[in-house]
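Undergrad: This is what each chain is made of:
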Amino acid sequence: MGIALAQSVTGTGNLTLNGVVSGNTLIAEQSSFRNSATTTAIAVPTDTNGTFVGSIAGTGALCAASTGASIVGVFYAVNAASGTHTLTFEANSSNNKTLSEFSGMATASVLDVSTSSKTDNSDITSQVTGTTGTTAQADELIIIGLALATTVGSSDVTFTNPVSGFTSLNVVPNDLSDIATFHAYKIVAATGTQAATFNWVVHEANMGAHAAIAAFKAAAGGATQAQIWPSIQQGILNPMIGRRYV
Amino acid sequence: MSTLFTGSLSVVAGQKSYTPLPVSGGIQGLGKSLQVSIVMTGTAFPTGTTTLTIGLSTDGGATYREASGSYTAPFPPGKGGGVPNQTLGFTVGDTTTVTHVRLSTDAPSTFTLPVTVTAVGV
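If you read the protein sequences in the order shown, they are chains A and B. Under the numbering used here, read the first sequence as residues 37 to 282, first letter to last. Under the numbering used here, read the second sequence as residues 279 to 400, first letter to last.
Looking at chain B on its own, in the form it has when it is part of the complex (with noise of 0.2 Å):
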């Protein structure tokens, strides 16, 4: 598994794309489809339902297949109490190596949103 980026997003109200992150060669292996992944710290989000758009492009960016979900804090305790973290992740079946991954947000307010994305082939 690879990291493509750890950091923080600046989601804004409404609607934002974010800076494509290149894949680089290799972490797709042969013959693999590419599972990217996202973990998202629960307590980060605004009340509202926040939605987060994972893009794969396997022709240099110009073009992506999308896959979404959608958050809604506060998030009630999960197990052990705490708030969850929260996941998304999108594969897609075909083995084209995907060239760039993107990110997209659909916020009801401004928040900081600290994220780890991290992709593996399958």
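If we strip away everything but chain A, and leave its shape as in the complex, we get (with noise of 0.2 Å):
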């Protein structure tokens, strides 16, 4: 069985996730807009079931001319306890939060890559994530989240969504009065370095963005459909191979 979605909340609040599977793994990201200059990472959120840890290393932007911050954290809880998760995130002046569980991801070990970037009090409309290192193995599951802010700012700045080649989870275009947020996810079958970039429309100066990309493992043997297709031809077309399966 490969990766798979099994269910996420969103939102500004403490989040909670009911009848989540055992052996799961969950992913937190959360967005924030400080109204400070500070850029250190954002605490690990706390788990009524569970432990949570940082996957991404690297600080957040500087944004209004360096009296704000903007900054994006990638959390995750490996083989996930069964039942009710409610987990409590750091407070900041505005935030965004994504909870997801995922099935079909190894039980140990299972953050693999991870790397982010940012961009400080510069008019952009671009954010990339930086590239991760060429992944362990082929099936993984990869994380992506932008943290995006300025000093006035757009209820919508316009983003592309969704990322080329992700699913989106939590999009919020507003760094008017919120922190502009992207939190999306897609799933891998081939080994390789992983990256994506953020674009949007609607720019001024000293906009701070961090983004963050994240792979994951997949449990063993969880072949893709995509990849299992091929050794099917394969048997077909080839009786010495399929006689092995009758």
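Note that these hints are calculated values from the structure, not bench results. Beta carbons are placed, not taken as given, at the ideal position from N, Cα and C, and that holds for glycine. Be a bit skeptical, because a hint or two may be false.
With the Cβ distance kept under 7 Å, some of the chain A side facing chain B (calculated, not the full set) [what the hints assert, rightly or not]: (1) 37; (2) 40; (3) 41; (4) 43; (5) 44; (6) 47; (7) 48; (8) 50; (9) 52; (10) 129; (11) 130.
Make the complex out of the two chains shown on their own, each in a separate frame, by following the hints.
TA: The following block contains the structure:
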């Protein structure tokens, strides 16, 4: 069985998922605006039914002529306990959070590679996540996140949605009275480096953007349909291979 | 994106569930999940912690899968200095057609909460 999204909750408050299946992986993302020049990493959220850890290094971006900071965090809990998980997140001036449950994941050493990238106090319309090292295995879950803020801002920065190849989980385009936010995922079936670029239209001076990407391993034997199909075709076309399954 | 409900919830102290909202066919789309989102006016929340729950039913409202957000007011000023609106969204990964959405609250006191509930296939 391959990787699959089981459920996802988004919001500005502390978040609760019910009915989590034992052994699944939980991924939490938080995009925040701090009304100060504090760019230190977002604190790891606490879980009433497990333990989360951080999955990216690096600091947030300065914005609004260094009177504010925009920052994203990506956290995970491997081999989750069954039942209800309530997460308490770091409080900031503005926050958007996502808590997602994925099945088909490794139950140990699930985090593979990750990185983050930022732009301070600039007039920009895109932000790269940075490029990860080469992933260790073919089947992996790729998580990306963005936090974007500026001095004044717009109620709709007009994101390119979705980011190419990804499925959006939480998109908040408002950097006027909120932290503009983009959380998304994709499932890959081949090894390689991973990177993504967030794009938007509305821009001004002194924007600060912080983007992150993290790759998580599937369970062993978790081949995707795309990988299984060529094997089936080979078995059909080659009777010597097909005979093994009779 | 389709709007399922725009109006106000008459929230009471303690727990309350509201009349389920039917989800008309075609919103979710074949082979897609349904993402339900709620935007709430931040200034409406009373002091203390209010919990809002979204339930999604795929069996005509007999059973619901639920997720929650908790909101502790008064909220600190958001970006721009105002009281930020609050949000909650819920998506289940399977593509079974969602038939009903149910909201529930657990609040410290009675208040009126303006909300907009939207749904989109993702």
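Undergrad: Please go over all the hints and tell whether each is borne out by the structure.
TA: Going down the list of hints, with the structure as the test:
Hint status for residue 37(A): violated, given a least beta-carbon distance of 13 Å to chain B, over 7 Å. At a threshold of 7 Å, the smallest CB-CB gap from residue 40(A) to chain B is about 6 Å, leaving the interface hint in force. Interface restraint check: residue 41(A) against chain B, minimum CB-CB distance 4 Å, threshold 7 Å, status holds. For residue 43(A), the interface hint holds, since its Cβ comes within 7 Å of a Cβ in chain B; the closest pair sits about 5 Å apart.
At its closest, the beta carbon of residue 44(A) sits 5 Å from a beta carbon of chain B; the interface hint therefore holds under the 7 Å criterion. Nearest Cβ of chain B to the Cβ of residue 47(A): about 4 Å, under the 7 Å cut. The hint holds. A distance limit of 7 Å between C-beta atoms decides the matter here; for residue 48(A) the minimum to chain B is near 5 Å, and the interface restraint holds. The restraint placing residue 50(A) at the interface with chain B holds, with a minimum CB-CB distance near 5 Å, inside the 7 Å limit.
The criterion of a C-beta within 7 Å of any C-beta in chain B is met by residue 52(A), whose closest approach is roughly 4 Å, and the hint holds. The closest approach between the C-beta of residue 129(A) and any C-beta of chain B is roughly 5 Å, which is under the 7 Å cut-off, so the hint is satisfied. Evaluation of the residue 130(A) hint against chain B yields a held restraint, the C-beta minimum of about 4 Å falling below 7 Å.
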